[in-house]
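Residue numbers (the numbering used here), protein chains in the order written: chain X, 10 to 175; chain L, 104 to 509.
In short, the hints are calculated from the structure, not lab data.
It is possible that part of the hints are untrue.
What the hints assert, rightly or not - Here are the simulated lysine-lysine pairs, DSSO-like style, with alpha carbons at most 30 Å apart:
hint, chain 1, residue 1, chain 2, residue 2
1, L, K218, L, K203
2, L, K247, X, K79
3, L, K168, L, K218
4, X, K79, L, K111
5, L, K406, L, K327
6, L, K166, L, K203
7, X, K74, L, K247
8, L, K111, X, K74
9, L, K168, L, K406
10, L, K166, L, K464
11, L, K166, L, K218
12, L, K203, L, K464
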Amino acid sequence: MQASAETLAFLHDVRVFEAFADPDLVALTERLRERDLRRRQILFREGDRGDEMFIVRRGTILISKAVTGKVEQVLVRVEPFDFFGEMSLFDGSPRSATAQAETDVELLVLGRDSLQAMTETAPRAAAAFFYAMVQVFMERLRRSTQQVAEATRWGLEATGLDVEAR
Amino acid sequence: MQRPAPAKFELLVRRDGDEDFELRQVPSVIGYLNSRPRRLDQESYEISELRSRLAVAPGFILKNKTTDRFLLLSAQERFLWDQMDGSTSLQEIATAYVLKYGEFDFEIIPSLLHKLQRAQLLTFEPTSRLRAALARNRGRMIVKAIELALTGLERIRISSHNVQSFFQALYRYGGFLVFTPVAAIACAVLAVLGAAAAFVLFHDVHDMLEGFGGHALRGILTVKLVFFASVALHQFVHGLACIHYRRRVREFGFTFLHGFVPTFYIDVTDIFMASRRARVITAVTGALVHLVLGAVAFIVAAKAPTGSFTQAFAAASGIIQWQALVVALYPFCFIEMDGYHVLVDVLGVPTLKHDAIAYMKGLLSGAGRMRQGREEVLWIAYVVLSTLSVAAFIAFNVWIIFSATH
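Excised from the complex, chain X in its bound form (with noise of 0.2 Å):
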């Protein structure tokens, strides 16, 4: 896509990109693809093969994660100057969640080909991107593991156990 001086703005604010150089963000942007989503579009179902990572540039994506039956526990909304769909970008598995346009979406795509390209050809900012991307893991590692305490929280509170006498 081309470099125009908004969507470098735009790739500025994202996370991972901020310590880029600007000549490595107009060479990534030129690797990065758009992709529109109309409200309620699913993106990719939990299961689904994939190697792309997504940015948010516009809307808002919700990940689910199936439950039982129909009903899937909503783990996060995705918005503007976020991202979702990295795990599958390091490792190709499978997508571990579903992502769904809750409105109207613009993304922009980052394919694995891509990610390898740049690391080649621009070693210094690939470092600055994985170093970002360890900090974002961590983070939502920590908010992984506040959900997990919540939903036990939950367990405890809808049965009425009373641990704390037991």
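Go by the hints and put chain L onto chain X.
This is chain L only, laid out in the frame that chain X set:
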């Protein structure tokens, strides 16, 4: 330290269309209210009244025979303990408590649950007895198929929790008229005219139902489907009554009751915070929808040409609407409909059906003894009347279908 807000999940529930979904916030309190505590089997505990010359209120001693632990229960706690049969939800137990004692102590249920859990006297039953029985026999193909079908149907639930403003608007723009003396008089006049029309019509049911043109059974089934729409109207009027008494309508929706009975429902439990008169009127006005619709149908049938489709359709609709009125208001039919709720509210015996069935089961199996108290008479009367009424209801419907097809 400030207590944290109740934990909640955000769930995405998919609809039939693959991409369509609904988002639902499920706070832990909803899970709590829907849980069904189950006391131990009768052989595993013992309960006896505590007799004391000093104590004013009666007390009870509950013993876990397995662990030899004892608990002291108040009369109110004993009442709650009796409700914990694994099929009654905490919400229903709380409602029964309000009906019995006319007030609610917000701490009594949680603290009793904690006490009972510590004494290992309680388990939580997440599913119905039918579902438990199906789960036990899952090895059989047919049972598994039924279980899958029930699970599928139970998941069909279309509802909204944001209906208060809708019902308020409905009340403001005309719904309030239902609760005026003019509406009551119009209802009574219609009932009399409808009854007169029905009396004239039923001199010859056979001629009347000939209007279905030899497809009486199919015609009656179509009428039943049309009747189904009036069930929604019935629920709407319950909602309007709730608004009339300035209480909150918490939910309106459609679901399959027990997995196979399609029904509309409305949550007007907030009316329990109003007076008994308000509760009774809320219960009765919903059912009166069937009185009015049935009367109108009978009047239309009486005016329509004999043997025409209009007459047959209107007459059959009238029969079904008035049957629904009877089923809704008549308390003795083993179904906890509006009339049953009015009866138990007036008598102050919220667990009438439960206790009556348990007592009769005991008598019939030889496990219980015949007693001659006021409650026992009420229990026997309830079971006998309900059995006779259900038999009469079935016989009446068989007669209608037989008359229409022969």
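Quick rundown of the hints versus the structure:
The suggested pairing of L:K218 with L:K203 holds, with an alpha-carbon distance near 22 Å, which does not exceed 30 Å. Between L:K247 and X:K79 the alpha-carbon distance is near 19 Å, which keeps this suggested pair within the 30 Å criterion. For the suggested pair L:K168 and L:K218, the alpha carbons sit about 16 Å apart, so the restraint of at most 30 Å is met. Our distance criterion of 30 Å between C-alpha atoms is met by X:K79 and L:K111, whose separation comes to about 19 Å.
This hinted pair checks out: L:K406 and L:K327 have alpha carbons roughly 22 Å apart, not beyond 30 Å. Annotation: proposed proximity of L:K166 to L:K203 holds, straight-line Cα distance about 25 Å (limit 30 Å). Between X:K74 and L:K247 the CA atoms are separated by roughly 26 Å; this keeps the pair inside 30 Å, and the hint holds. For the hint linking L:K111 to X:K74, the alpha-carbon distance of about 16 Å falls within 30 Å, and the restraint holds.
With a C-alpha separation of about 71 Å, the suggested pairing of L:K168 with L:K406 is violated against the 30 Å cut-off. This hinted pair checks out: L:K166 and L:K464 have alpha carbons roughly 24 Å apart, not beyond 30 Å. This hinted pair checks out: L:K166 and L:K218 have alpha carbons roughly 12 Å apart, not beyond 30 Å. Annotation: proposed proximity of L:K203 to L:K464 holds, straight-line Cα distance about 24 Å (limit 30 Å).
Comparing the model with each numbered hint stated earlier shows that hint 9 is the single one that does not hold.
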